[in-house]
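Number of protein chains: 2
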Amino acid sequence: MNKIITVSREFGSGGREFGRRLADVLGIEYYDKEIVTEISKHTSLSENYVKQIIDHKPHNLYPITIGRSILYVENPDFQHAQSIYTAQREIIRDLAGKSDCVIVGRCADYILQDMNPVRIFVYADMGSRIRRCMERLSEDEHFTEKEMTQRIKSIDRDRSKYYEYYTGLKWGNRLNYDLCINTTNMVIKDVVPTFAKLFE
Amino acid sequence: MNKIITVSREFGSGGREFGRRLADVLGIEYYDKEIVTEISKHTSLSENYVKQIIDHKPHNLYPITIGRSILYVENPDFQHAQSIYTAQREIIRDLAGKSDCVIVGRCADYILQDMNPVRIFVYADMGSRIRRCMERLSEDEHFTEKEMTQRIKSIDRDRSKYYEYYTGLKWGNRLNYDLCINTTNMVIKDVVPTFAKLFE
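These protein sequences, in sequence, are chains A and B. Each residue of the first sequence is one higher than the one before, starting from 1 at the first, in my numbering. Each residue of the second sequence is one higher than the one before, starting from 1 at the first, in my numbering.
Extracted from the complex, chain A is given alone in its bound form (with noise of 0.2 Å):
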């Protein structure tokens, strides 16, 4: 079976920064934005829309009953929030049974667990993950801190709510986790090669 290494993250953790380190350290696959791209074939729906849909809150596309009507057959967002994920799964499968990979977001370490993936969470305080969003702004961005600290709230909250809706399980939970680890004060680039030895 295949080496595969899930990460999931709190947003301005570094969690993308350690998965795609990983990946060239350990010399296997990485897989993060191009399985939007992917769905966008598999779907012909934009990859702005199915990023878009992806990052939205699933919780705002649940059906809406009033009286006896059910609303969302009107709401085709919903739809293909359904469909997007479907074509999310099987993609991630495809990817999985592939080659050794490690994949980053998008419920890998649900959608995978009879692949037996190894499951990393990645986190970190406020205060570092303020700082490191800070530095990855570009220079038409600007940011006060306690917006910033509202922005990584409200991102995280999404990514919970994501996942909670398509998996039934609480984000950020140790059990479903294999490994969490706390990046407050590593230096990601000096941490992921040893880190790696764990995988070699």
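Don't read these hints as lab results, they were simulated from the structure. Note that the structure is a prediction, hence the values are computed from the model and not measured. One or more of the hints may lead you astray.
Partner residues aside, some chain A positions facing chain B, computed with beta carbon under 8 Å [as the list claims (entries may be wrong)]:
id	residue
1	123
2	177
3	178
4	179
5	180
6	182
7	194
8	195
9	197
10	198
C-beta atoms are modelled at their ideal positions from N, C-alpha and C, and glycine is treated no differently.
Using the hints provided, position chain B relative to the given structure of chain A.
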């Protein structure tokens, strides 16, 4: 500064074995029950009494106010618990200052925070914790699965209260640890040599 690794653990997760084997592989000191012996020497209290106080719920040792009377002065256990914690704190700092080491439990992650310990939390799902505890029982000990579950929960509750009482922090909160390791699907003696590479 010495290399200090602290191991906090859920009861039955194999955290103590993890710590002991880690110290073995790294060839560094290991402190666990040795600390109780040292406290006993420092406080002139018997080892059994010290252990009993440490394992006891400190919240039961709070001073009690009835009307205008405060009863804690009449409770030697409460005063002993304070002396034991103070002695333990000094001993742990002393040991950590002497050489590289692994220290299991006893709020060492908090007590040594200014010495930059690597703080590990070892956990596992309830099923594997029950199995591990059952395997460790001596011939004359008999527990049903339900009794063992209650025992595990009760010991964890005590550890949690002890930790929160002395540190003001939430036991098991991932932000208090650098690395959280789920031993559910791990054979500890097989994985420790690989984990040890993180700390070489």
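So, going through the hints one by one against the coordinates:
no.: 1; hint: 123; in the structure: holds (6 Å)
no.: 2; hint: 177; in the structure: holds (6 Å)
no.: 3; hint: 178; in the structure: holds (5 Å)
no.: 4; hint: 179; in the structure: holds (6 Å)
no.: 5; hint: 180; in the structure: holds (4 Å)
no.: 6; hint: 182; in the structure: holds (5 Å)
no.: 7; hint: 194; in the structure: holds (5 Å)
no.: 8; hint: 195; in the structure: holds (7 Å)
no.: 9; hint: 197; in the structure: holds (5 Å)
no.: 10; hint: 198; in the structure: holds (5 Å)
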